[in-house]
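Given chain A, put chain B in place with the hints provided.
Protein chains: 2
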Amino acid sequence: MKYNKEGNFAYINVMDYIENKVKTGAWTLGKKLPTQRDMAYSFNVNRSTIIHAYNRLKDKGILESKTGSGTYVSDQYYSSISRQIVNWTDFSRYSVHPVNHQVVQKINRLETKENLIQLGKGELHHSLFPKYKFQKSLNSMADMYHDYGYNDATGDKRFKEAIRYYLQQRGVSCTISSILPVSGALQALQLISLGLLQYGSTVFTSNISYIHSLHVFRATGMQMKGIPLHNGSLNTKQLRRQLHIPTLNSVLYLNPTFHNPTGETMSAETRREIIKISQEYQLPIIEDDIFRDLWIDKEPEPPIASIDHHGHTLLVGSFSKTIAPTLRIGWIAAPEDVIEKLSDLRMQLDYGTSSLPQLAVYDFIKTGKYEQHLKKLRIELKKRRDKMHSLLEKYLNDIATWKCPEGGMFFWVKFSEKISINELFSRLLDHGILINPGYIYSPYNNQYVRLSYVSTTMEDMETGVHAIKKVTDGM
Amino acid sequence: MKYNKEGNFAYINVMDYIENKVKTGAWTLGKKLPTQRDMAYSFNVNRSTIIHAYNRLKDKGILESKTGSGTYVSDQYYSSISRQIVNWTDFSRYSVHPVNHQVVQKINRLETKENLIQLGKGELHHSLFPKYKFQKSLNSMADMYHDYGYNDATGDKRFKEAIRYYLQQRGVSCTISSILPVSGALQALQLISLGLLQYGSTVFTSNISYIHSLHVFRATGMQMKGIPLHNGSLNTKQLRRQLHIPTLNSVLYLNPTFHNPTGETMSAETRREIIKISQEYQLPIIEDDIFRDLWIDKEPEPPIASIDHHGHTLLVGSFSKTIAPTLRIGWIAAPEDVIEKLSDLRMQLDYGTSSLPQLAVYDFIKTGKYEQHLKKLRIELKKRRDKMHSLLEKYLNDIATWKCPEGGMFFWVKFSEKISINELFSRLLDHGILINPGYIYSPYNNQYVRLSYVSTTMEDMETGVHAIKKVTDGM
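Protein chains in written order, with full-length UniProt numbering: chain A, 1 to 475; chain B, 1 to 475.
Just so you know, these hints were derived from the structure itself, not from any lab. Keep in mind that the hints are not guaranteed to be accurate.
A pair counts as met if it fits within one copy or between any two copies, since identical chains are not told apart.
Straight-line alpha carbon distances no greater than 30 Å define the calculated DSS-like cross-link-like pairs of lysine-lysine that follow [as the list claims (entries may be wrong)]:
1) Lys276 with Lys60
2) Lys113 with Lys157
3) Lys157 with Lys23
4) Lys418 with Lys369
5) Lys366 with Lys23
6) Lys131 with Lys366
7) Lys276 with Lys31
8) Lys136 with Lys157
Bound-form chain A, shown alone (with noise of 0.2 Å):
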């Protein structure tokens, strides 16, 4: 007797759904349900039938409404058994990692949606992933997995020595216990902080960063001090200039390469510069290095791990950029004192890196497929980037600026006064197509967007652009 369009019983459905979420616990007492509008479109009935199921529940004292804030799981319901309920959001109110910013929270939550044209996410369209070539690495698992035991968190010799080798590759000499797999970039970043750094220890980075960069630092308790960016590269001078301030141990977070949002890469003589800072002042490096595979015109400059000769860096490498994000699978290169302490860390918080990714990029690697993967791929970002460029020019020539990136996956474009970003935001999502306002990577930048040529298709590419334009005229 149900339905899953309108029909006679349309509204047993919904009472049913209703019903069971509050009987299981999943709607726990005191929630506030979802609004008539957003339910009659999930269920894809009328709203009149959402009423009707809606005041059948408050009649049987499941819900009730409070006037003009919506309805509730009721009170009453559960009033024979108890009386008193954990109140979940007031529960983690004051809890001891803070809420993601709003912003932040909503463009997560909008990334997912597949009828959105998803111009600023930092994540290859589906169809540059390299799913017929990985499918035959995925395949050699059964064949590979053969360490089912508790490790010691250091991680798979196979996936080591692939990531030793790979790292060779791009001028970077290291044994296999320097290298440490963890599940991405920003895992790296709250081991090293909750590992190596104090509370209170003062982490220097470009004024304009990663946004979950800084929230993990803060969130583990470490202070963050800007540095501006000077022609694409970190202002050093200024960077000397914070230095002379005593600090508690500090440290220097990076994205030398195809920096995340702007798309600039660092020079050889600013690289230089560092690694002399870091000797003068004993400051370690943390360096991001996630995009360094996306190049498009020419191989970057290689590391700055691989022109530090003491150790002072720790070399962060991700393959959430070029494989898959939802592998999750990257690693630290470091000193092996500085693996050990973290494979401890690890030990604490989660036993390590699950076998199964390692060991589906170990084959990837060995096998030369990866590499392959990167060729077609820089093809293909080409392509896009030059698009990307020439839609730029086309629609946004007269209201914006923006520098042509070598690499990685953004453009970072300037808009002119005149244009509020946040309108801008808010009314591109109207037609459907999200942005990542520069504003969530540093307050100085506001009239700043980050727009990515890597994930949509080359249509959705231009539709998004053109929709920029016509908005941006009526503003």
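Chain B only, in chain A's frame:
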């Protein structure tokens, strides 16, 4: 000109090894070298070879001796380049996250040694892993893995549906939005602690507990309050007494089924009393239920979560104890509000759990292979539990007492006062046998030892228990 075995040039091999470590930054300046004995063992050469290699490296200025302290990577070596170097050991001494208890660190390290008899380890012996059956699930991965892109960290729907079904079979009804995949129980505790508790929140738990749980709560700023056990169940009267003292948001952490390390299972009556207390005091419960599927004689009491209809219980499970620890896959089942909050937290910490172990376990459950595996496993567990019981009777009847467990992995053995557990631990290690001393689970239980009946061969189990007899005879 290199020899792995003793030969004219064996010392060159050692020198190359060390020079490479120093050159690549894996061993940084000031690092203390392994002892000559350890090095000789590692290279399978005489100590004189190591001494020769060390001396040559001292001549080259790469190593230096400090009298009575050992051999170090020399400061002078790099003096032309820099006088100052980050001392990572100092750097991390005051880190946010405290280092592991030394004995625990030692056990962590020793648990990966294959030449030791693992008589304390909480892990199935490799012959008990479902390798053959699981390979089929691994083989299905290539067809199942198609969502390469970032998701919202809430996990793969297929995995969550499998867990919903799994929980239903065990008496817990919930929706898939109430389920969050995690890397294991340990990460679940970390997420709950960071996401729902406050600095200084009180975590009530039995005063004998899984060591890493205590560590993760403490490291995130929680106060631990131990509640004594009473006839193997939590002393609920004591808990009530404690709850009269006003505290910040508190939480009760329980491992009610085949408790680690005691092996005890809470009665239905105590479970109901716990739920009553939870209602009365609005005290949320973390139910760590990772040993449930390892029952031997009869199915244990259903989870506390199954009799809690108020959404107070956060149920935590894992497949590390039944399929394989290196998969790193488990789950939290909790009210949707809580799951939403914890998913947001994961977006900030590590972007969620790898899809690969989720899909492998989904297939393993869906095809019925998981239940088949458990059935077979239980037969083996019974054999082993009975064997351990008879060995204890045969060898340790005079000096120890224990209760035969109905499931899980452990015997919690109490030794007579005349036995020093610390000495027992050390002497057994000399015999190549590793046990877990009770005091790492609780300072009040320094006459106890945790013995595992699942982590060795049957032969090694006998060798191990017999060795305890021999060692204690001499004490």
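Consistency of the hints with the structure:
1. Taking the shortest Cα distances, Lys276 and Lys60 sit within 30 Å of each other only across copies (25 Å), while inside one copy they are farther apart (73 Å).
2. For the identical chains of this complex, Lys113 and Lys157 are inter-copy neighbours only, at 15 Å across copies versus 38 Å inside a copy, given an alpha-carbon limit of 30 Å.
3. When the C-alpha separation of Lys157 and Lys23 is checked against a cutoff of 30 Å, the pair qualifies only between copies, where the shortest distance is 21 Å, while the shortest distance within a copy is 48 Å.
4. Taking CA atoms no more than 30 Å apart as the test, Lys418 paired with Lys369 passes in neither setting, with 48 Å inside one copy and 63 Å between copies.
5. Proximity of Lys366 and Lys23 under a CA criterion of 30 Å is satisfied inter-copy only: 25 Å between copies versus 51 Å inside one chain copy.
6. In this assembly of identical chains, Lys131 and Lys366 lie within 30 Å of each other by CA distance both inside one copy and across copies; the values are 17 Å within and 24 Å between.
7. Taking the shortest Cα distances, Lys276 and Lys31 sit within 30 Å of each other only across copies (22 Å), while inside one copy they are farther apart (56 Å).
8. Within a single copy, Lys136 and Lys157 get their C-alpha atoms as close as 21 Å, and across copies as close as 24 Å, so both meet the 30 Å cut-off.
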